[in-house]
Amino acid sequence: MRTLQRVTVTAAIGLAVLLSAGHQASAQTKIGAVLSVTGPASFLGDPEKKTLEIYVDEINAKGGVNGQKLQLIVYDDAGNANNARTFATRLVEEDKIDAMVGGSTTGSTLAMIPVFEDAKIPFISLAGAIQIIEPVHKWVFKTPHTDKMACEKIFADLKHRNLTTIAMISGTDAFGKSMRDQCVAVAPQAGIKIATEESYGPRDSDMTPQLTKIHNTAGVQAVVNPGFGQGPAIVTRNYRQLGIKLPFYQSHGVASKQFIELAGPAAEGVRLPAAALLIADKLPNKDPQKPVVVNYTRTYQQKSGQAVSTFGGHAYDGLMILVQAMQRAKSADKSKVRDEIEKTKGYIGTGGIVNMSPTDHMGLDLSAFHMLEIKGGDWTLVPGT
Amino acid sequence: MAELLQFVFSGLTVGAIYALVALGFTLIYNASDIINFAQGEFVMLGGMTTVFMALAGVPLPLAALIAIIVTTGVGLALHRFAIEPARGASSVALIMITIGASVFLRGVAQVVFDKRFHSLPPLFGADSIQFGGAAILPQSLVVLAGATVIVILLWLFVERTLLGKAVIATAANRLAARLIGVDTRRIVDFSFAVSAAIGAIAGILITPITLTSYDVGTLLALKGFAAAMLGGIGSPLGAVVGGLLIGMIEALSAGYLSSSYKDAVAFLIILVVLVAMPQGLFGRVKVERV
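Which chain is which? The protein sequence lines are A and B, in order. Residues 241 to 625 in my numbering are what the first sequence spells out, letter by letter. Residues 102 to 391 in my numbering are what the second sequence spells out, letter by letter.
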């Protein structure tokens with residue numbers, strides 16, 4: 241009896257080994273991803289992971305890339321840059337990946353860059369900050385637009401309305417700080433004068449003192465609020481509570497329906513730059529991005545049962561840019577794929593139209609953003625932007 | 102003048118929120134000498150449960166009532182299943198348990214609810230009340246009123262009822278209390294339940310102002326704890342005064358100094374007060390007899 245048991249167990253183990261080996265043989269192109277699926281940045285990593293899984297399945301169902309199936313290996317760094325680096329090393333040394341998509345946050349991306357630069361593996365980051373691609377790293381690319389572009393878009397709209405003196409109220413969280421710094425840096429070139437600056441903590445529940453000070457500053461023609469999370473919604477409510485009538489700009493950080501819900505009627509008239517994905521149904525039919533964003537929105541909502549966010553869109557763009565580069569390279573050879581990613585031209589994605597070059601590893605311009613105004617509890621496209 | 106008034110209104114709004122959160126710390130501390138760091142999660146549970154009940158179509162008053170009952174149940178469970186089995190442990194170990202419970206509750210909330218921000222409609226509309234050139238939201242006054250009512254009820258309870266005296270007796274000396282016939286386990290049970298209910302009420306009242314999410318409790322508990330310490334932990338009146346004081350300091354320093362340093366100024370003042378009066382503004386001086 242015992243012998244029989246042992247034989248069965250041995251057979252089962254043998255079978256399992258065989259099966260897994262067989263599975264490995266058919267999935268030859270390995271794509272690694274380190275995402276912040278849980279933890280404070282889970283709003284980034286969660287849709288990113290779902291998007292990658294949905295589309296890797298879809299690509300495999302169609303026969304894979306260059307006749308090889310894709311194998312997706314996802315690790316969760318829980319928003320911690322140290323974990324991200326450990327997982328990056330594991331992806332390189334143990335999983336022996338061919339390419340890398342992800343790094344949900346700027347912190348984890350910056351921690352992983354040296355690993356992939358050393359291993360010479362193409363790395364497409366999904367994080368926002370401009371530091372990822374400036375200075376250019378040979379193997380590192382990114383898909384999301386930067387905060388600097390959002391500032392430039394807002395300033396361009398201000399100039400369009402002949403407003404040149406602004407006040408800024410920024411969150412002290414990572415997003416708010418980074419965007420504030422970028423806005424301050426590009427303001428002189430854009431011909432914008434920042435008359436006064438205020439800040440608030442990411443969990444503050446009342447910003448009326450800061451807004452009162454801004455309101456009492458002479459010469460201010462508009463107010464810009466770089467921030468993320470619930471802070472901007474409270475700032476917007478306080479703005480109306482105090483009856484401030486100046487034009488009010490929010491950032492792409494709050495470009496979601498949730499912001500309108502949270503800020504309520506106070507959001508009326510607020511303007512903000514946003515990616516095409518959020519206004520898929522509002523885009524004019526001639527817009528080249530329309531089919532892409534409409535398709536992605538439909539697929540994602542159907543498969544995940546959740547509303548789309550731009551973050552999942554970044555993962556979609558990263559995966560597609562990589563897959564198309566592999567198709568052009570006709571192999572998963574790391575160095576050929578890297579060269580092809582750099583040659584990406586006219587890729588129409590959810591984040592905009594991507595034209596990469598050896599000096600620009602993001603490849604987006606200001607047309608990636610659309611200026612929106614909130615009217616009647618919904619987004620409207622500001623004409624002429 | 103209008104400027105100062107606006108800063109004061111802001112201070113009242115924020116202070117009332119801190120005060121309401123701080124009140125939750127007092128009863129558990131009184132009954133068991135434990136500082137319950139899961140108090141912020143009670144606040145979160147109150148707000149989030151109400152939001153999700155309302156989303157499911159339950160009328161708001163009923164949703165609020167269910168949220169208070171659910172949170173009270175969680176408070177009881179925290180005591181029964183986490184604190185009570187470790188009753189022989191030192192206060193520090195018990196406080197660690199409450200920190201663990203807070204992490205656990207946050208994780209569960211992430212799964213049971215979601216990771217998004219939510220809001221509740223204010224009780225008396227979103228239009229601000231104009232007064233002397235400054236504006237305050239009616240909901241701020243509701244929060245303030247809520248804190249006042251809870252303080253009065255707590256005071257009446259501790260000073261005027263036998264059960265309240267039993268809480269004090271349990272806090273003073275658990276063994277002696279048991280010897281004179283106080284069921285100390287029940288008393289601590291009761292204090293966790295009431296503190297959880299206070300937390301839930303706080304969560305429901307402040308959500309229209311602060312908004313809520315699964316992790317809203319952490320910082321609220323920190324500020325509430327600071328308020329409770331400043332006022333003298335264990336004293337309901339102290340909790341309210343401490344909360345209002347911190348709110349006022351934050352608003353005034355944001356207004357007149359710099360918004361970047363408002364938290365620093367608030368904590369500096371707390372530090373100074375606690376160095377001068379370690380028991381807090383309204384705290385009882387502990388006499389240890391050897």
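Since the hints were derived computationally from the structure, they do not count as laboratory data. Hints may contain errors.
Just a few of them, taken from the derived set where beta-carbon distance is under 7 Å, the chain B residues facing chain A [stated by the list, open to error]: (1) 114; (2) 192; (3) 215; (4) 218; (5) 220; (6) 226; (7) 229; (8) 261; (9) 262; (10) 355; (11) 356; (12) 358.
Beta carbons are placed, not taken as given, at the ideal position from N, Cα and C, and that holds for glycine.
Hint check results:
Annotation: residue 114 of chain B was flagged as interfacial toward chain A, and the flag holds, the nearest CB pair being 5 Å apart, inside 7 Å. Taking 7 Å as the C-beta contact cut-off toward chain A, the hint placing residue 192 of chain B at the interface is violated, the least distance being around 28 Å. Below 7 Å, beta-carbon pairs count as interface contacts, and residue 215 of chain B has none with chain A, the closest being about 9 Å; its hint is therefore violated. Taking 7 Å as the C-beta contact cut-off toward chain A, the hint placing residue 218 of chain B at the interface holds, the least distance being around 4 Å.
The interface hint given for residue 220 of chain B holds, since its Cβ lies 5 Å from the closest Cβ of chain A, which is under the 7 Å cut-off. Because the closest C-beta pair between residue 226 of chain B and chain A is about 11 Å apart, greater than 7 Å, the hint is violated. Checking residue 229 of chain B against chain A: minimum C-beta separation of about 4 Å stays under 7 Å; hint holds. The criterion of a C-beta within 7 Å of any C-beta in chain A is not met by residue 261 of chain B, whose closest approach is roughly 34 Å, and the hint is violated.
Below 7 Å, beta-carbon pairs count as interface contacts, and residue 262 of chain B has none with chain A, the closest being about 34 Å; its hint is therefore violated. The restraint placing residue 355 of chain B at the interface with chain A holds, with a minimum CB-CB distance near 4 Å, inside the 7 Å limit. Against a cut-off of 7 Å between C-beta atoms, the interface hint on residue 356 of chain B holds, since the closest Cβ of chain A lies about 4 Å away. Interface hint at residue 358 of chain B: violated, since its Cβ lies 10 Å from the closest Cβ of chain A, which is beyond the 7 Å cut-off.
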